[in-house]
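S.K.: Taking my numbering, the leading residue of the sequence shown gets -3, the next gets one more, and so forth.
Fair warning: there could be bad hints in the mix.
[Said to hold, decoys possible] Subject to a maximum C-alpha distance of 25 Å in a straight line, what follows is the list of computed PhoX-like cross-link-like pairs (lysine-lysine):
#1 K174 to K91
#2 K20 to K281
#3 K258 to K245
#4 K271 to K71
#5 K91 to K51
[Stated by the list, open to error] Label pairs and their in silico Cβ distance ranges:
#6 N170 to T280: 20 to 30 Å
#7 K110 to T(-1): 34 to 44 Å
#8 N50 to K174: 20 to 30 Å
#9 K281 to K243: 37 to 47 Å
#10 D36 to V239: 18 to 28 Å
#11 T31 to A137: 23 to 33 Å
#12 A178 to D36: 35 to 45 Å
#13 N170 to P264: 36 to 46 Å
#14 Q42 to N230: 26 to 36 Å
#15 K281 to S49: 13 to 23 Å
#16 K161 to K20: 18 to 28 Å
Simulated from the structure, these hints should not be mistaken for laboratory data.
We treat Cβ as the ideally placed atom computed from N, Cα and C, and that holds for glycine.
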Amino acid sequence: MITNVLVTGGNGQLAQTIKEHYFKNNNNIHFTFVTKADLDLTKYNQVENLFASNKFNYCINCAAYTNVEQAEDFKELAFHVNAEAVKYLAIICNKNNTKLIHVSTDYVFNGEKKEPYLEIDTTNPINNYGASKLKGEVYIAENIQDYFIIRTSWLYSKFGKNFYKTIKEKIENNADLKITVAETGTPTSCVDLAQAIYFLITSKNINYGLYHFSNNGQATWYDFTIEIAKLIGNYNIDKIQPVPFFKTKAKRPKFSVLDKNKISTILPQEIPHWKDALKVLINTK
């Protein structure tokens, strides 16, 4: 029996990673990838029409407004994409018996905790991006029963725009760098997140609900940069200067490491440490 899976945000780094690793040579799962040009998730009728003409067993929602800085100026847009559109998706998935897998963020927390955040910890976002993503989570819980919300952190890959790609290019151009040490979290490879999501759609008897997923370990952005430089090589890491603070429009949580114990108990293998995941990406041609 074929499982039909809709993947939104088709041009984004997570969707492209899913496509690269699981789209080809997969006889039991049929993926449909849609981009913003194909489907405007903020238009209820467009989403409803797509579901009316297709039978989807799962919807993986990778679509999001992710520019943390711009969300401070374009709050309404951020909430439209990250909350209202998610509400539409949850309602329509529920009507069509489609299981929803939604990707959320560590930025739903304020960063005042000193140890990894549990799924049951109190949320208190300190920027518009985090607040809009949290509202999306609330709408899902209110409108559908068969859902997985996966909060993740500091996503990177070889696709799209992300911190890893920006730093890699600067290092290859031998640039001087100033990188903050003010935030601690966990860099997460899209490859590992995609694998966890694939496990959810190919497994039975997994309890629905909220899960945290990132790679293991923790780092500052400076630590992450140093590791990228070491693995790429041919670069003097003394050119990377740690700085205590960068002035930004959006406040960011000082500590946003996620506790992965809940999801670790159901995954078939151990979640890789972020350094190992980074090494795999850099060494994969």
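S.K.: All hints are to be evaluated individually against the structure, with a verdict given for each.
M.R.: Hints, one by one, checked against the model:
1. Among the hinted pairs, K174 with K91 is inconsistent with the structure: their alpha-carbon atoms are about 50 Å apart, more than 25 Å.
2. For a cut-off of 25 Å, the pair hint linking K20 to K281 stands: about 18 Å separates their Cα positions.
3. For the suggested pair K258 and K245, the alpha carbons sit about 34 Å apart, so the restraint of at most 25 Å is broken.
4. A hinted pair counts as satisfied when its Cα atoms are at most 25 Å apart, and K271 with K71 does not qualify at roughly 34 Å.
5. The hinted pair formed by K91 and K51 meets the criterion: a straight-line CA distance of about 11 Å does not exceed 25 Å.
6. For the hinted restraint 20 to 30 Å between N170 and T280, the CB-CB distance of approximately 23 Å keeps it satisfied.
7. At roughly 42 Å, the beta-carbon separation of K110 and T(-1) lies within the given 34 to 44 Å, and the hint holds.
8. A hinted range of 20 to 30 Å for the beta carbons of N50 and K174 is inconsistent with their spacing of about 48 Å.
9. At roughly 39 Å, the beta carbons of K281 and K243 sit within the given window of 37 to 47 Å.
10. The beta-carbon spacing between D36 and V239, approximately 40 Å, falls outside the hinted interval of 18 to 28 Å.
11. For the pair T31 and A137, the supplied restraint of 23 to 33 Å holds, since their beta-carbon distance comes to about 27 Å.
12. Checking the proposed 35 to 45 Å range against A178 and D36 shows it holds: the Cβ atoms sit about 37 Å from each other.
13. Our hint of 36 to 46 Å for N170 and P264 holds, since their Cβ atoms are close to 42 Å apart.
14. Between Q42 and N230, the C-beta spacing of about 48 Å breaks the proposed range 26 to 36 Å.
15. For the hinted restraint 13 to 23 Å between K281 and S49, the CB-CB distance of approximately 39 Å leaves it violated.
16. Judged by the Cβ atoms, the range 18 to 28 Å given for K161 and K20 holds: they are separated by roughly 24 Å.
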